[in-house]
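*Asks:* One letter stands for each residue in the lines below.
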Amino acid sequence: MELSRRNFLKSGVAAATAMAVGVPISRIASVAAAETEQDWRWDKGVCRFCGVGCGIMIATQDGKIVATKGDPDAPVNRGLNCVKGYFNGKILYGKDRLTQPLMRMTDGRFDKKGKFTPVTWDQAFDEMAIQFKKAYEEKGPTGIGVIGSGQWLIQEGYAMTKLMKAGFRSNNIDPNARNCMASAVAAFMQVFGIDEPPGNYDDIEYTDTVVAWGANMAEAHPVLWQRVIDRRLGHSDMKIVNITTLRNMTSEGSDLEIIIKPNTDTALLNYLAREIIQRDAVNQAFVDAHCVFCAGPTDIGYGMRATDKFAFEAEKDIQAREVEVTLTRDEAIGLGLDPEQVHTIKQANAATADRHWLVGFEDFKAGVAPYTLDFVAELAKGDAEESLDAFKAKLMRLADLYADPKRKLVSFWTMGFNQHVRGTWVNEQIYSVHLLLGKIAEPGNSPFSLTGQPSACGTAREVGTFSHRLPADMVVNIAKHRDITEQTWKLPPKTLNPKVGSHITKIMRDLEDGSMSWVWVQVNNPFQHVANANHWLKAARENDNFIVVSDAYPSISAKVADLILPVAMIFEKWGGYGNAERRTQLWREQVPPPGEARSDLWQILEFSKRITLAEVWKEQAIPGLKDEGFEEGKLPDVMAAAQEMGYQPEMTLYEALFETPENKAFAWPDPVSKGHDNHTVKHLGVDWFVEKALFEEYAGFGRGHHHDLAPFDVYYQDDVRGLRWPVVDGKETPWRFNAKYDPYVKNGEIEFYGGAMKELTTGNLTGPTTEEKTKFPGKAKIFFRPYAAPVESPDGNYDLWLCTGRLLEHWHTGTMTRRVPELHRAMPAAVLDMNEKDAEERGLKRQDAVWIESRRGKIKAVIETTGRNRPPRGYSFMAFFDESVFVNKLCIDATCPISKEEDFKKTAIKIYKV
Amino acid sequence: MATKRQTTPALWNWRYLILRRVVQIGVLLLFFGTLHWGWSLFGLPLLSGNLSASEVLGQVTLADPFATLQILLTGHGLQAEVLLGAALVLGVFVILGGRVWCSWVCPVNLVTDVAGVLHRKTWRKNLFALPHHLRYTVLALALLLSVLIGLPAFEWVSPIGAMHREIIFGLGLGWTALVGLFLFDWLVVKHGWCGHLCPLGAFYSLVGRHTAQIRVKFDQSTCNGCGDCQAICPEPQVLNLKRLARDGQVLSGECTNCARCIPICPEKSLAFGWRLTQPGSGSVPAQHRLIMKEDNP
Amino acid sequence: MCRTHPSEPSAFITSGDSPIMTTRRGFIQKTIQGAAVATSGGMLWSYLVIQNARAEPLALRPPGALPDADFNALCIKCGRCVVACPYDTLTLAALADRAPLGTPYFEPRQIPCYLCHDIPCKVACPTGALSPTLENVMDSRMGLAFIDTEHCLSWQGLRCEICYRVCPLRDKAIRVETRRRELSKHAMLLPIVLSEGCTGCGICENACPTEIAAIKVLPAELIQGKIGDHFRMGWKQADGATPGSGPGDTWKGQMDAAPAQGQAPGLDYLNEPEF
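Residue numbers (the numbering used here), protein chains in the order written: chain A, 94 to 1007; chain B, 3 to 299; chain C, 4 to 278.
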């Protein structure tokens, strides 16, 4: 950082003095520098990047961040950072930071085909409102959508959810977290009836074993990986296993590396379950007391569209599998069917993929019976150059580690499990293994889903910014949850829309088929990150629609937009994040945003001033709505009821939803600010503390309902470094479901008290056999889920696997980290990691430029055979941060049919020299 | 005489100068264009490298024979490719006349010519005298030192190398050496570098001394001994009239075939032509006694 | 028209002989003077050249470059390697650059050598200054990376190791070792350079994210130490004692040079009267 002129002169004088009296100049300079630093204001914050949630300290001077440091008091990272975190201060100061609203215009008027032109905020919001009303009047609440983020601040996500669901009565709000951990969420809900992990990071220091499943922790969760390695260095019996489809950085630190074929994790987990039963290692007392067994349909499709109307010609063969599929031989064996016969099945349960029912232990046992060592080893061995015997030995070793009753074990997983056409299944299977062994909810024994984003938990999940969710684990399609929400929000009954909205991939599809024509994107770059991008880029630019993107930098999504709103970045606003171990961390506004950039929250509230209750709380058409108490296809007019509650038709949504008397009671300025500004409040021109009011309003949902957050001010105390919810009586909860640590456990030592889906019919592996429902409060479910082949596998034409993912140097689509020159220089371009022999076979060498082509498009990139990832034969990897390579043009937009999370890990490609 | 001079169109008088500049700059441009603008022919890079060594169309290697000689003298073996390249270049200049290189190719010539003109027009003083043959001593030293210190001695200090490298590959501080040369030639010794010191010039003086086929021919019958040619010649000693009269042509290897003398001669006594095998054959009327300046002190 | 000018004492030269050579004595005198000038000039000249060749030992040469003495002799300074490099890595040193004038070098912090498998710079070299015998670019030794552990993020505990991940010879040229941090429950992942594998390509130096690179590439001889031949690390198999290369043999030479009669080493000291 530069010295100010005054201090520069001062140090110049010091240097002159130093020479005169013979003091080393460097020491004098450091004294001068220390003097400069006296004027710095240090305050706590959170790292902007991954889900680990490292604490950082931020130094500011004259409205600029002058330095950051890892927070030595933060229990997560104790002063450390990864190299992205090291650059937290620099991401705000990229050269092309957006500082004023930009709209596509021709001759001074909005024109979809026009050029971006700077406009005032008023012009921007006026056009945005005109376009909103056009779409809303024409198509109703389903014609508009919001793509949000797991990087949204808690308050931003909450405000947008309230505006969309209570105001616009639309459930078409979905975060990019959908493509990050929705599978984990779906499995949490199905298995435990409540979201988020029972354990926490401290499990690492208590365990004897860490198994990483589809989680390149060494790169994706860098500082957490240091704790794993430290445990191994300090604990002689510690073992680390890396289960992966390619050799990666995590392999370097592992004792056992198991390279498997894509999607065979489902088979491998069934092998483990079978082995646990065979070895008599089931923790019978635990299972009897705390578990039930479940099964579900298997004809659930792949989350693609059932029609080929929009498919490219080359996509049609794969798309057809959404309607009907012929089982592979391995799938048949895994389902206990005769492998010699051809089994063609219709995807009858594609829309009801989340159905499940109770089965018996014997059913479960029969289900996993085909998953013998021989079958699974043959099926799953991912490295053609490894011997089958060696691979079998590894599987047995893995089973030894899991089955050993004395061994504590943590399973970590990330995108390898979650971005998976059977992502929910495989998440459930890992719980099944842990539940069978009773290795859960106690220090050192933990199935732990690592999140990718800094507030995937804190905002996307806990606030409930999904198309089906409401705050505190509630969902829109349960009447009781809507009632609670309507009461909390003081809404007339039946204001909330009971029909689940469009998830992020469906929002893109809605844009393509024209059923949605107004979309607002915040804290997110969906036009780069959503799979099969060629479709959506075209839909956004060529269909009659209006896309607003709030962004700090000119990303691909901003380029696609019709209106760009410049945003304040993380430390330019008050806010909070929640990390993967349920730790909620809040910070103050440290520096003002540049130019006319404003917080996303300010934008949400300002926009809400332009819509009145009369426009939204009237009768609304919702195609396909069918719910008890609702007229088919319609939301009722609630204006009359609203008027009885004191609302007026001409009231704006801002007045009705945000500037409520309760919220206005939180005065600004507030002592907690300690002299820090609040540009959101300033530009709204109000005297209430918006972020605090919204936080407290939101926290009201969870308090007393297993999701207790501490009071807003507590998080700002100097001695607090985030707290793991539920925070009950001022105490955080390190391990949930365990009476020793969790005040919500009322019955016995262990209680899975989550309340969702705890009443089911009973049947066998093929389906329910009774209508009658059984309740099983306090229990978790052990699912049988069979092996399922990927929807698309390499064939004669597209002959190579492509997996996409992250790497340490860059964050997601690189919008921020690519603005840091040092990080850009360290990793300037995404390369295709592939096996040297595969390259040779195609007449290629490292550094050759190639075309990479899938059924969905082609891109140009350079191949690397000695890169950080060393794929086995037939497999390749590319990171998705690089917009100039744009790998997501290639990826298939198939999803897990339950979680609707896309599978970015399994696309068939071919490559050839440019 | 004066009227006669004016009858010749100005541009025609400049023809050789223009042609030389075109060749000099053209060569540099070929190198530069190939490097910076990707000039190519049939998809092959036109001329890559620089005057020390280069490759024509990605096929034929050319090399500076003097540099090659120095390297050989350091005791290092060289690849056949570069030896052939040096031989090729050497062959060309053996036929054309060694110092054709100096006035038609060498980029430093651009600088020293300007300095020479300035000297003639402004200063006209030499601070001290340097013998023309000093360059042979420098040449001998370059070769000897190459042997002694194991480094190609001249290549390590050559302002010629510095200049063309820096023109082709981007400017560094080499221009300072050129400024030095320029000032030296302008203010210290007329034609100080090219005419007295440059060992590369000395090397080329020896090359083709007896074999150069293109020479400046002298027609004694028309010469009136005005001395204009010597006044403009950067190597005036080669226009020794006695020898000219004897040989009917410029035989000295030090002549650079720059052709300054040809258009300046009011009597058109000088012209390019093929080397005469018989000294003095044809053009020299032996009986005619030339009036020399020193005959009339 | 007379063009005689004071500065041109003999504007119209007719004789090749200069008047100073007229007497025998003058000739000898001039010869001696000339020889003296030539010798001192030659010494100055060679001093300049040698100084220039040695002045900047920091220069990194293209792959396959011969040892300095040979490279400096053979390099014809033609720049064809520079033209051939597809990444614009190489530069011909201009005056006052960090390498001897006119020779190719690169600064990895600007652009490193990306180790092209077909080594186009070597192919382009006409003189063999870039050794034609280099076949695998991974065998080239342009320099050696070293880490300033005081300013290396990883050595201070942060998760960086960018140098390790970008290294084309990962685990052969840079390895990561783990060590407990002790201050907290975090391990340190420490990059370590292995001189056996390091090509000196400088990709690590280029990628290093600190303000001034904490990993740098320099010619190996500038940074690499050497333990005495008289000691072998017995625990390293490659250095295990084998007949004929043991310490005894190395010392043998020194001990064998038997001192002449009456000149036993140490006598001088022992026979000094003072204590």
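Worth flagging that the hints you see were computed from the coordinates, not collected in a lab. Check the hints yourself; a few may be wrong.
As the list claims (entries may be wrong) - Listed next, the in silico SDA-like pairs over lysine to any residue satisfying Cα-Cα at most 25 Å (straight line):
#, chain 1, residue 1, chain 2, residue 2
1, A, K938, C, K188
2, C, K188, A, T753
3, C, K188, A, Y834
Stated by the list, open to error - Derived Cβ-Cβ restraints for the label pairs, each shown as a range:
#, chain 1, residue 1, chain 2, residue 2, range
4, A, A477, C, R178, 26 to 32 Å
5, A, Q131, C, D91, 43 to 49 Å
6, C, E185, A, E130, 49 to 55 Å
7, C, R178, A, G860, 39 to 45 Å
8, C, L47, B, Y138, 53 to 59 Å
Being a predicted model, the structure only gives us computed values, none of them experimental. All C-beta atoms, glycine included, are put in the ideal place defined by N, C-alpha and C.
*Asks:* For every hint, state whether the structure bears it out.
*Replies:* Status of each hint after checking the structure:
no. : hint                        : verdict
1   : A:K938 - C:K188             : violated (42 Å)
2   : C:K188 - A:T753             : violated (46 Å)
3   : C:K188 - A:Y834             : holds (22 Å)
4   : A:A477 - C:R178: 26 to 32 Å : holds (27 Å)
5   : A:Q131 - C:D91: 43 to 49 Å  : holds (45 Å)
6   : C:E185 - A:E130: 49 to 55 Å : violated (27 Å)
7   : C:R178 - A:G860: 39 to 45 Å : violated (56 Å)
8   : C:L47 - B:Y138: 53 to 59 Å  : violated (19 Å)
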